[in-house]
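Trainee: All chains, please: the whole structure from these sequences, using the hints.
Letter by letter, the chains look like this.
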Amino acid sequence: MTVPLPTQVFPGRILTVTLPAGDGGTPVTVGGQNALPLAPEGEKPNPAAIGMEIRTGNAELPPSLAKAFEGRETDPVSLAMVSADAWGARFLFLSLDGCHPDCGGLRIEDGARIVRDVLAAVSCPVIVGGCGEEEIDAKLFPAAAEAATRPVFLSYADERNYRLVGGAALAYGHGVVAWSPIDINMAKQANLLLSDIGVPPERILIDPLTGGLGYGLEYTFSIVERIRLAGLSGDAMLARPVLCHLGDAWKAREAVDTSETSWGDPGLRGRRWEEATGWACLAAGADLLVFRHPGNVRAFREATWR
Amino acid sequence: MTETFCSSCIIGARSVISLARASLSHNIAGRGANAPLGYPDTAYELPVAFGLTDLKVATLVDGEKVLDLAEGLIRNSPTLENALEAGAATLLAADVLGALSHKDGNPFPPPSTGFIPDSILRKLGIFMVDGSVPGVAVVIGKASDPSAAAAMIRGFQEIGLLVFLAGSVVQQMDKAGVKLGDDFKTFPLGPLPAVIHAVNFAVRAGLTFGGIGRGQSAAMYSYLSNRVKAFVCALGPMDEIGLAVIAGAMKAGFPVLSDRNLPEVPGSLFRSPAGEEMVRAGMEARGIKAKIVKVPIPIAFGPAYEGERIRKSDTWAEFGGGRGPAYELVVSAPISEVRDKEITVTGPDIPDMPKGGTLPLGIVVRVAGGRMQKDFESVLERRIHRIVNYGEGTMHVAQRDTTWIRVSCEAQSKGFGLADLGMMLYAKIHSDFENIVDRVSVAIHTREKDVLEGMAFARKLYAERDARARTLTDDAVEEFYSCTLCQSFAPNHVCIVAPERLGLCGAINWLDGKAGYEITPTGPNQPVLKGAVLDPVKGAWDGVNAFVREHSRNTVPGFNLYSIMDAPMTSCGCFECIIAVIPEANGFMVVNREFEGSETPCGMGFSTLAGSVGGGIQTPGFMGVGKHYLLSRRFLAAEGGLPRIVWMTKEMKEHLGADLSARAAEIGMPDLVGKIADETIAVTPEQLVQHLKKAGHPALSMPPLL
Chain C
156 MTVPLPTQVF PGRILTVTLP AGDGGTPVTV GGQNALPLAP EGEKPNPAAI GMEIRTGNAE
216 LPPSLAKAFE GRETDPVSLA MVSADAWGAR FLFLSLDGCH PDCGGLRIED GARIVRDVLA
276 AVSCPVIVGG CGEEEIDAKL FPAAAEAATR PVFLSYADER NYRLVGGAAL AYGHGVVAWS
336 PIDINMAKQA NLLLSDIGVP PERILIDPLT GGLGYGLEYT FSIVERIRLA GLSGDAMLAR
396 PVLCHLGDAW KAREAVDTSE TSWGDPGLRG RRWEEATGWA CLAAGADLLV FRHPGNVRAF
456 REATWR
Chain B
243 MTETFCSSCI IGARSVISLA RASLSHNIAG RGANAPLGYP DTAYELPVAF GLTDLKVATL
303 VDGEKVLDLA EGLIRNSPTL ENALEAGAAT LLAADVLGAL SHKDGNPFPP PSTGFIPDSI
363 LRKLGIFMVD GSVPGVAVVI GKASDPSAAA AMIRGFQEIG LLVFLAGSVV QQMDKAGVKL
423 GDDFKTFPLG PLPAVIHAVN FAVRAGLTFG GIGRGQSAAM YSYLSNRVKA FVCALGPMDE
483 IGLAVIAGAM KAGFPVLSDR NLPEVPGSLF RSPAGEEMVR AGMEARGIKA KIVKVPIPIA
543 FGPAYEGERI RKSDTWAEFG GGRGPAYELV VSAPISEVRD KEITVTGPDI PDMPKGGTLP
603 LGIVVRVAGG RMQKDFESVL ERRIHRIVNY GEGTMHVAQR DTTWIRVSCE AQSKGFGLAD
663 LGMMLYAKIH SDFENIVDRV SVAIHTREKD VLEGMAFARK LYAERDARAR TLTDDAVEEF
723 YSCTLCQSFA PNHVCIVAPE RLGLCGAINW LDGKAGYEIT PTGPNQPVLK GAVLDPVKGA
783 WDGVNAFVRE HSRNTVPGFN LYSIMDAPMT SCGCFECIIA VIPEANGFMV VNREFEGSET
843 PCGMGFSTLA GSVGGGIQTP GFMGVGKHYL LSRRFLAAEG GLPRIVWMTK EMKEHLGADL
903 SARAAEIGMP DLVGKIADET IAVTPEQLVQ HLKKAGHPAL SMPPLL
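If you're matching them up, the sequences are chains C and B in order. If you read the first sequence in my numbering, its first letter stands for residue 156, the second for the next number, and so on. If you read the second sequence in my numbering, its first letter stands for residue 243, the second for the next number, and so on.
A portion of the hints provided could be inaccurate.
Listed below are several chain B residues computed to face chain C (Cβ distance under 8 Å; list not exhaustive) [to be verified]:
1) Val371
2) Thr450
3) Thr726
4) Gly765
Stretch-level coverage of chain C by chain B, calculated; a stretch enters the list once three of its residues show a Cβ under 8 Å from a Cβ in chain B [claimed, not checked]:
5) 317-329
6) 348-354
List of simulated lysine-lysine pairs, DSS-like, C-alpha gap at most 27 Å [to be verified]:
7) B:Lys935 - B:Lys917
8) C:Lys294 - B:Lys917
9) B:Lys597 - B:Lys533
10) B:Lys536 - C:Lys294
11) B:Lys536 - B:Lys656
12) C:Lys294 - B:Lys702
13) B:Lys345 - B:Lys533
14) B:Lys583 - B:Lys536
15) B:Lys583 - B:Lys616
16) B:Lys298 - B:Lys345
17) B:Lys427 - B:Lys384
18) C:Lys294 - B:Lys533
19) B:Lys670 - C:Lys294
20) B:Lys365 - B:Lys427
21) B:Lys583 - B:Lys656
22) C:Lys294 - B:Lys421
23) B:Lys427 - B:Lys536
24) B:Lys583 - B:Lys427
The hints are simulated quantities; they were obtained by calculation from the structure and are not laboratory data. Glycine included, C-beta positions come from ideal geometry on N, C-alpha and C.
Mentor: Printed below as a string of structure tokens:
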């Protein structure tokens, strides 16, 4: 006698969102699923997309990352090209952290120029991130949005700056990453607010803030899972693809500290730390992952998961 | 008078159409019907036609179609409706004329800009969406007093409005030295007809930022009137063409303010003298609020200083706190009765005082706003405490007529005066309650006679408010308010805040929830319709349960507001105190957060108990609540209410003090409080029961809990 496995059927479906590519490039389409990850049932037309962060700032890198970048850490264009071509990133997250006063203090015009240069050099989809300094970002987002020669996503809009980032996206036809601090209600609110100013739903991604392993990952896991369950249960404002930026994994002491020899090879630890964080995010339901280590991009690209 | 106005608008519209026809024929004759027609540097052809009609315009002959359509809108009978339609026709025809005049670029001499290209629209549009450009002022005509008009335009610039000028006012302002150009967001468009470039700018804003497609005229009109916060200042006499343009603006939903004798049309056409009054009128007609970036006071101001205490030796000036009469009051008033930013100090001020001096103090904040409700007065008033504490060198304790304020010597040395205190209140109430408050004024009195008079009046209002609060019962309202603020760490917890059960953190009562919803409609406080009563004693409603189910994402099926034993409300972790069942005593104990001991009759202190109560789970017999819920008529109503309390910490008893005794008296047990044990009387169930028996506590004879 066979017992049929119970399958859960959800009434909702995650919205399909496409990150546009440049001429000759391959767009990234995510979402469209009507089931949870790892579960056998349901339709999952689009696998999670693996992307690489391209930094512009001069903050000191953990040695293992510096080594992996093969001397490109100060050249975002070169790093972007190798990430997209050799390392296999399907999209790039161009972080304009270099415009932060603590990370090089590039001028707004320099940030805009880097956006232009990177977009000219690669054809894959690009997400452009601000520097995190509110006053600078208020000028940087409009400038980057204007400089972008093709549609990108701007990251990120939150409860405070959503009008500015949403406005910049509307003005030049870009998408928006809606950020919230590990809080499902604020994730929903950010989407509501962006909708309210007219940003179309198919141009919004959810960034729930990703805590690194040991530093809040379990909260992120729970929130991503709950966002997904809410979306699948019919909450349209949460039925959107989720982006997890794994950068925080590199902030864990265990990932980079070289003083504890018993913790194993520091050259490998950071990468593993990021990898573990990434797997957990995928299991929770993330649709886009942003990595810092090229080795992880490769590993996740090859995984035929979901 | 309206009829004359309307008929002039219609005549004006016809003139504009004829002018456009003449110019178009002339162009066709010279350049051929298929010569291009359009503005330079735009993706939207003739924007007005693009936004309001289905007509595609590429060539001169297409222009004729636009004019035919415009002509078709015109009706002769001079009604307001026909005037507005004629206004629409004027805008269409004027856009044709405007485009024709731009065939070789900007036709006007500097400083006039003519058509504003898309690139500038996109840049400025971001700041309009962002709110840093809070609105648009279109100033047309010829000022009879150029210096007053210049002051007005500088006023607009100061507020950060986008300003368009058209007509003689361009030269007048240039001559008056008003700064013009991109950097000042002030665009001198050209002669009066060039005002169409303000209109086609607004239309393109709708097309770019509003997601509106070609020819979606209803959506476009709605965007123009609701989203583009523009108003028109018409200076000096207007000829028929000018009036037709005004009608066009009104049709687009832009209120028009005129300094001439035009008929008033409610919500649409106003009379106002040019100058400061017009700035105010325009801002109010569009609900535009100036953002206060930095509060202009001599001391630092912000939440960082909230916890600062000022010791007696560091105190320069002191008000209230038993050293003299002092009170604070927030009252709402009709909009016409509050002058925004009016801050008055009557009587001696801080600089007049010796070190360590005291003065009587009366603070009256008057607020007005379309969405202000009388019920919110107390919510705003309670905020005074926090706002005053935000100052570096100002300290605030208590409220109402027990208020106590200290100003430090350091603040005094920086020149801090009572007007600065008024400015703090003004600025912060504006920014914290911008959705409900449009105007704020602050009056501060320090003469004893004034203060005593004002205090008598304030006490009357406090009493009225308290009386109102007593009528606010769970049965008297249709909706409760949710609070999901804590879902960040207690993901399935939903607080339901009812008039007779405040939030468990003690920080949010029903009125706060209601105000919170008005302030942030997408925020954590949402109205919860009670729906049908499922159990009036336990406090269950189907609407509440449906809300809780949805917002706990199907983990909590619902709860009883007045029961602790049967499906109690969940707790996040912020509760002021915990109620726990003591089966041996047939009652409950209450322990507050500040209680540091671990010796209680249930064997657990606050922190141990908190672990089993928090996190959004339902644990019958255990519940976190706000301290003041103990005084509610609905407190544990399902289990018998206050007589069930057999033990509470001494600190709780002291904190609730007279209010607790009053509540006990209200239920006919004036000696109940004396019968409740505390940690000095009993710390084990045995000791407790012994005490209860001796004291004759009512819980022992109540129906068994288990």
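Trainee: So, against the hints stated earlier in the document, which numbers end up violated here?
Mentor: 8, 9, 12 and 13
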